[in-house]
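Which chain is which? The protein sequence lines are R and A, in order.
Start counting the first sequence at 1; every next residue gets the next number (my numbering).
Start counting the second sequence at 1; every next residue gets the next number (my numbering).
Worth flagging that the hints you see were computed from the coordinates, not collected in a lab.
As the structure is a computational prediction, the values presented were derived from the model and not from experiment.
All C-beta atoms in this analysis are idealised placements derived from N, C-alpha and C, irrespective of residue type, glycine included.
Treat the hints with care, since some could be wrong.
[As the list claims (entries may be wrong)] Computed footprint of chain R on chain A, listed as stretches where at least three residues anywhere in the stretch have a Cβ under 8 Å from a Cβ of chain R:
(1) 18-24
(2) 75-85
(3) 157-164
(4) 211-219
[Stated by the list, open to error] Computed Cβ-Cβ distance ranges for the label pairs, DEER-style:
(5) A:P201 to R:L21: 16 to 24 Å
(6) A:G161 to R:L21: 16 to 24 Å
(7) R:L21 to A:P174: 34 to 42 Å
(8) R:L21 to A:A85: 30 to 38 Å
(9) R:L21 to A:E23: 27 to 35 Å
(10) R:L21 to A:I92: 14 to 22 Å
(11) A:S157 to R:L21: 31 to 39 Å
(12) R:L21 to A:G32: 20 to 28 Å
(13) A:R193 to R:L21: 32 to 40 Å
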Amino acid sequence: MRRRVRRRRRRFDIERADASLLEVIDHVLTKGVVVTGDVMLGLANVDLVYLRLSALLCAADRVRPRAAEP
Amino acid sequence: MLYVYALLGDRPRRGRGAGIRREPLRVLRCAGGVFAVVGRMTTPPPLDAASVRGHAVTVRRLARSVDAILPARFGSTLADEDALAEALEPRIGELREALAVVTGREQMTLRVYGTPSAPAPLPGSEEEMSLGPGARYLVGRAGARKQTVPEIEPIRSLLRGLVHGERVARHDAPPLIASVYHLVARGQSRRYRARLARAAPALVATRLTVSGPWAPYAFAPEALG
Numbered sequence: 001m002r003r004r005v006r007r008r009r010r011r012f013d014i015e016r017a018d019a020s021l022l023e024v025i026d027h028v029l030t031k032g033v034v035v036t037g038d039v040m041l042g043l044a045n046v047d048l049v050y051l052r053l054s055a056l057l058c059a060a061d062r063v064r065p066r067a068a069e070p
Numbered sequence: 001m002l003y004v005y006a007l008l009g010d011r012p013r014r015g016r017g018a019g020i021r022r023e024p025l026r027v028l029r030c031a032g033g034v035f036a037v038v039g040r041m042t043t044p045p046p047l048d049a050a051s052v053r054g055h056a057v058t059v060r061r062l063a064r065s066v067d068a069i070l071p072a073r074f075g076s077t078l079a080d081e082d083a084l085a086e087a088l089e090p091r092i093g094e095l096r097e098a099l100a101v102v103t104g105r106e107q108m109t110l111r112v113y114g115t116p117s118a119p120a121p122l123p124g125s126e127e128e129m130s131l132g133p134g135a136r137y138l139v140g141r142a143g144a145r146k147q148t149v150p151e152i153e154p155i156r157s158l159l160r161g162l163v164h165g166e167r168v169a170r171h172d173a174p175p176l177i178a179s180v181y182h183l184v185a186r187g188q189s190r191r192y193r194a195r196l197a198r199a200a201p202a203l204v205a206t207r208l209t210v211s212g213p214w215a216p217y218a219f220a221p222e223a224l225g
């Protein structure tokens with residue numbers, strides 16, 4: 001007979017989110033020293049595109065809420 | 001073009017390795033004893049998972065070989081060494097200060113989930129004016145510090161002595177309330193996690209996730225500007 005183990009819901013979970021790509025994105029794209037006022041990104045199959053940091057931060061904000069799971 | 005990975009307080013002790021595109025990394029000595037780690041590229045890296053992870057991996061490797069590091073934001077490019085010197089020279093003072101703060105330290109990141117606590121009364125509001133003068137002063141001070149996380153106040157005392165710096169970003173994306181970035185001495189991440197685990201009973205309707213240690217991304221001068 002399978003034994004059912006009831007897990008008590010914990011209010012505090014220490015999740016090892018280190019490997020999460022979204023964690024990496026938050027740190028690498030929205031933090032760190034800004035050497036210049038803008039960042040230059042290459043987009044696949046598109047000529048060199050010059051993006052303002054504000055646009056980049058908007059993109060990160062659109063991605064980040066997916067990680068906000070209770 | 002030069003792609004900037006990080007600014008260092010000293011030359012790396014070990015090999016620099018390669019960058020996102022396997023390009024050899026160079027260490028450039030800048031003004032004020034600040035060093036920049038760069039790679040030479042013909043085009044900027046694409047915004048994809050491999051490049052983003054590559055940047056993070058490169059920064060992490062550099063952080064292991066130097067005591068003080070300020071990671072550069074992904075996509076930081078300049079035309080050449082002269083442009084790098086021109087960009088850094090006016091900011092050398094604040095960069096040296098930031099490097100001093102992060103020397104021998106690393107970052108732990110908390111994500112705080114739950115129901116936001118009630119906001120402080122707006123300055124000049126009827127609610128604020130109903131308070132006594134002392135309370136109004138405190139509300140005013142709290143309002144000036146827009147980035148606070150009262151939801152984790154119950155655990156702050158347990159982290160005392162471990163945390164040497166804090167940066168906070170509140171979010172308008174419930175249930176994600178805030179991100180808290182803590183600067184801890186290198187090698188203390190396990191103790192930091194253990195103290196957070198002991199703090200669990202003190203939290204009410206709040207959930208935390210923790211990641212790290214990271215290089216001190218959030219402690220660059222403009223990281224949360």
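Q) Quick check: which numbered hints come out false for this structure? A) Violated hints: 1, 3, 5, 6, 7, 9, 10, 12, 13; rest satisfied.
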